[in-house]
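Residues per chain, in single letters:
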Amino acid sequence: MMIDLYGFGPALAAGALMTVKLALSALCLGLVLGLLGALAKTSPYKPLQWLGGTYSTLVRGVPELLWVLLIYFGTVNLMRALGEYFGNPDLSLNAFAAGVIALGLCFGAYATEVFRGAILAIPKGHREAGVALGLSKWRIFTRLIMPQMWRIALPGLGNLFMILMKDTALVSVIGLEEIMRHAQIGVTVSKQPFTFYMVAAFMYLGLTVLAMIGMHFLERRAARGFARSTQ
Amino acid sequence: MQTYKKFLLAAAASLVFSASAMAAETLKMGIEAAYPPFNNKDASGNVVGFDKDIGDALCAKMKVECSVVTSDWDGIIPALNAKKFDFLISSLSITEERKQAVDFTEPYYSNKLQFIAPKATTDFSTDKAYLSGKTIGAQRATLAGTWLDDRNMEDDYNIKVTLYDTQENAYLDLLSGRVDAILADKYVQYEWLKSKDGAAFEFKGDPVVESDKIGIAVRKGDDELRTKLNAALKEIVADGTYKKINDKYFPFSIY
Amino acid sequence: MNWEVIIKWLPKLAQGATLTLELVAIAVIAGLLLAIPLGIARSSRLWYVRALPYAYIFFFRGTPLLVQLFLVYYGLAQFDAVRSSSLWPYLRDPFWCATATMTLHTAAYIAEILRGAIQAIPRGEIEAARALGMSRPKALFYIILPRAARIGLPAYSNEVILMLKASALASTVTLLELTGMARTIIARTYLPVEIFFAAGMFYLLMAFVLVQGFKQLERWLRVDACQGR
Numbered sequence: 001m002m003i004d005l006y007g008f009g010p011a012l013a014a015g016a017l018m019t020v021k022l023a024l025s026a027l028c029l030g031l032v033l034g035l036l037g038a039l040a041k042t043s044p045y046k047p048l049q050w051l052g053g054t055y056s057t058l059v060r061g062v063p064e065l066l067w068v069l070l071i072y073f074g075t076v077n078l079m080r081a082l083g084e085y086f087g088n089p090d091l092s093l094n095a096f097a098a099g100v101i102a103l104g105l106c107f108g109a110y111a112t113e114v115f116r117g118a119i120l121a122i123p124k125g126h127r128e129a130g131v132a133l134g135l136s137k138w139r140i141f142t143r144l145i146m147p148q149m150w151r152i153a154l155p156g157l158g159n160l161f162m163i164l165m166k167d168t169a170l171v172s173v174i175g176l177e178e179i180m181r182h183a184q185i186g187v188t189v190s191k192q193p194f195t196f197y198m199v200a201a202f203m204y205l206g207l208t209v210l211a212m213i214g215m216h217f218l219e220r221r222a223a224r225g226f227a228r229s230t231q
Numbered sequence: 001m002q003t004y005k006k007f008l009l010a011a012a013a014s015l016v017f018s019a020s021a022m023a024a025e026t027l028k029m030g031i032e033a034a035y036p037p038f039n040n041k042d043a044s045g046n047v048v049g050f051d052k053d054i055g056d057a058l059c060a061k062m063k064v065e066c067s068v069v070t071s072d073w074d075g076i077i078p079a080l081n082a083k084k085f086d087f088l089i090s091s092l093s094i095t096e097e098r099k100q101a102v103d104f105t106e107p108y109y110s111n112k113l114q115f116i117a118p119k120a121t122t123d124f125s126t127d128k129a130y131l132s133g134k135t136i137g138a139q140r141a142t143l144a145g146t147w148l149d150d151r152n153m154e155d156d157y158n159i160k161v162t163l164y165d166t167q168e169n170a171y172l173d174l175l176s177g178r179v180d181a182i183l184a185d186k187y188v189q190y191e192w193l194k195s196k197d198g199a200a201f202e203f204k205g206d207p208v209v210e211s212d213k214i215g216i217a218v219r220k221g222d223d224e225l226r227t228k229l230n231a232a233l234k235e236i237v238a239d240g241t242y243k244k245i246n247d248k249y250f251p252f253s254i255y
Numbered sequence: 001m002n003w004e005v006i007i008k009w010l011p012k013l014a015q016g017a018t019l020t021l022e023l024v025a026i027a028v029i030a031g032l033l034l035a036i037p038l039g040i041a042r043s044s045r046l047w048y049v050r051a052l053p054y055a056y057i058f059f060f061r062g063t064p065l066l067v068q069l070f071l072v073y074y075g076l077a078q079f080d081a082v083r084s085s086s087l088w089p090y091l092r093d094p095f096w097c098a099t100a101t102m103t104l105h106t107a108a109y110i111a112e113i114l115r116g117a118i119q120a121i122p123r124g125e126i127e128a129a130r131a132l133g134m135s136r137p138k139a140l141f142y143i144i145l146p147r148a149a150r151i152g153l154p155a156y157s158n159e160v161i162l163m164l165k166a167s168a169l170a171s172t173v174t175l176l177e178l179t180g181m182a183r184t185i186i187a188r189t190y191l192p193v194e195i196f197f198a199a200g201m202f203y204l205l206m207a208f209v210l211v212q213g214f215k216q217l218e219r220w221l222r223v224d225a226c227q228g229r
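Residue numbers (UniProt numbering), protein chains in the order written: chain A, 1 to 231; chain B, 1 to 255; chain C, 1 to 229.
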């Protein structure tokens, strides 16, 4: 059903695929970082608390665009040093990897706060019950805390994912060929900026709607066995 | 718990893959691909243009496989130094400032900087009195942008300099009347003036920079590749390959 | 780390930061004014009053700010009708394009915050106001909005910080705000780490000052004492 768009229809569709790939990869990285951040922030050890707090404050205080630019252009020496250590001096980040890391980093910083809120929302008694039953710390975390935390955190994470999806447009600035970059290339040829950016806008809207539907099912699944709280 | 394990595995995998190194089997040439006719993309996404053709001809002479890596203009020199590609053939002017960051081959064409403005602008001139107070567009991180900045900083002009991420965006703003004129490479603008959009515009005044030498950039100290590129460049000029490419784009020699 | 370069360009970066603050200040204040009618209409009980703000909010929250910015800056200029209209003197200026887009964008988010806040006001308070003989508009201005302002303030302060960061996108439409200035300096110095680091510090500082300012405001308005239950 894609209109021809001066021959750029297929290119834009490929861009949408790239956007989805980028968003999902950044999501995976961000969830891990967010979980680690939340565990650090809620741990009883001061240095860990400080580390988690610094991470989330520092990353949330600087624009996403700056992170994208900084990670793409600023990690040269770091990557070279790493590369030499592993015996591959040509190690470097491509636009995709830099985008995943920058967006994952930002997602993780916000997810840290969401996960932390969720962990704190679990009644203390549950953990104590686990201890009383003689469960190990790891077991308490994976069997008691994680499943409940997941359910509480899901709506917040869903919101963050919508934001992440839109932030993928920033990676066009470092040349990754996602929706926005393809729209720009289309404008170069057609001189129809309004048409192309409008098409791009509706593609993002479509992706957002898809994500919303996905979230709805995830939330329903995570909430099975729980009665909807009524006022 | 299966779901969590799967999810963690997937996350770990994504970490590993996203950081995977790029093998350096073939040479990678860096091109901006937003600067017609020297470099741009056709509708199917292939990089085309004068720079690309010269690059391919050089690679053929050096008997190496070459692939194209695109980068935005702003970060194209950092990207070369970051080893995103091995040499940079993207209409890059040889300047003192840039020589501190990268090494250049011999020039593969030379360029002039000239203003373009609407044909209706009849009183155009390149002197201080006229340019002060005018809004002039240029691409960020180009010789033209630096020239305009330098006039403001060194000669106390009062030009409103607007810098664009791509040359194409500068044209869009010239069309919409947001800028009074654009300063850029003459041959690039020559191509645009020929297009339907450029019909209402023309070159104004004499070129402000006459001998802008365009070279291929390699990382500092990469003399092996630089020597090879220089030799290949000499060959394609001598055997007529260069002229063939030149004639494909311009009815006059730009070497 | 090349500190000399950072110090040399610090005044330019500060100049960029000033423009950033101007952009954000106009956007969040104008956005708030625009969001008040939107938020009220959005929480209406009549579906046809709700529909238009809903569509507006859906579009502006569902698409990236970068796309919106390009639509307004490059997109609108595509039409001759726009270029010959009386709005063109404003729309040709990247500053007004950026502030207008950021205002429209943030208004959608603030409207949602406002709707949440209005819906969080205990029903009984509004009923009490009506029972005391207040008219609907009176109840709106004296009870609902002041109450909603306090409930929504923490979320609003969050939105202001988000806009501070979003303003970095204005660099893509030729504005030399903090990020644009940093990119232009890097085009001359080729030192991305140093300059981006300095720019990042500016953003952190501005965010810190704003957060502290809102904390003071919350204390002054006694927000914690009247959070919706």
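By construction, these hints were calculated from the structure, which means they are not laboratory data.
Every residue gets a Cβ at the ideal spot worked out from N, C-alpha and C, and that includes glycine.
Take these hints with a grain of salt, some might be off.
In silico DSS-like cross-links for lysine-lysine, where the CA-CA straight-line distance does not exceed 27 Å [unchecked claim]:
id, chain 1, residue 1, chain 2, residue 2
1, B, Lys228, A, Lys191
2, B, Lys220, A, Lys191
3, C, Lys8, B, Lys220
4, A, Lys191, B, Lys160
5, C, Lys8, B, Lys160
Derived DEER-like restraints, expressed as beta-carbon distance ranges [what the hints assert, rightly or not]:
id, chain 1, residue 1, chain 2, residue 2, range
6, C, Met201, B, Asn158, 29 to 35 Å
7, B, Glu65, C, Val5, 37 to 43 Å
8, A, Trp50, C, Val82, 32 to 38 Å
9, B, Thr95, A, Pro44, 28 to 34 Å
10, B, Glu154, C, Val82, 35 to 41 Å
11, A, Pro155, B, Ser44, 41 to 47 Å
12, C, Met201, B, Met153, 23 to 29 Å
13, C, Tyr142, A, Pro44, 45 to 51 Å
14, B, Met153, C, Leu140, 51 to 57 Å
15, B, Thr126, C, Gly213, 46 to 52 Å
16, B, Thr95, C, Phe58, 47 to 53 Å
17, B, Thr95, C, Ala81, 38 to 44 Å
18, B, Lys99, A, Leu218, 34 to 40 Å
Just some of the chain A residues that point at chain C, by a computed CB distance under 8 Å [to be verified]:
id, residue
19, Glu64
20, Leu65
21, Leu66
22, Gly74
23, Phe96
24, Trp150
25, Gly158
26, Lys166
27, Ala169
28, Gln192
29, Tyr197
30, Thr208
Checked hints:
no. : hint                             : verdict
1   : B/Lys228 to A/Lys191             : violated (40 Å)
2   : B/Lys220 to A/Lys191             : violated (39 Å)
3   : C/Lys8 to B/Lys220               : holds (25 Å)
4   : A/Lys191 to B/Lys160             : holds (25 Å)
5   : C/Lys8 to B/Lys160               : holds (23 Å)
6   : C/Met201 to B/Asn158: 29 to 35 Å : holds (31 Å)
7   : B/Glu65 to C/Val5: 37 to 43 Å    : holds (39 Å)
8   : A/Trp50 to C/Val82: 32 to 38 Å   : violated (53 Å)
9   : B/Thr95 to A/Pro44: 28 to 34 Å   : violated (58 Å)
10  : B/Glu154 to C/Val82: 35 to 41 Å  : holds (38 Å)
11  : A/Pro155 to B/Ser44: 41 to 47 Å  : holds (42 Å)
12  : C/Met201 to B/Met153: 23 to 29 Å : holds (25 Å)
13  : C/Tyr142 to A/Pro44: 45 to 51 Å  : holds (48 Å)
14  : B/Met153 to C/Leu140: 51 to 57 Å : holds (55 Å)
15  : B/Thr126 to C/Gly213: 46 to 52 Å : holds (48 Å)
16  : B/Thr95 to C/Phe58: 47 to 53 Å   : holds (49 Å)
17  : B/Thr95 to C/Ala81: 38 to 44 Å   : holds (43 Å)
18  : B/Lys99 to A/Leu218: 34 to 40 Å  : violated (55 Å)
19  : Glu64                            : holds (7 Å)
20  : Leu65                            : holds (4 Å)
21  : Leu66                            : holds (6 Å)
22  : Gly74                            : holds (4 Å)
23  : Phe96                            : violated (18 Å)
24  : Trp150                           : violated (24 Å)
25  : Gly158                           : violated (13 Å)
26  : Lys166                           : holds (4 Å)
27  : Ala169                           : holds (4 Å)
28  : Gln192                           : holds (6 Å)
29  : Tyr197                           : holds (4 Å)
30  : Thr208                           : holds (4 Å)
Comparing the model with each numbered hint stated earlier shows that hints 1, 2, 8, 9, 18, 23, 24 and 25 do not hold.
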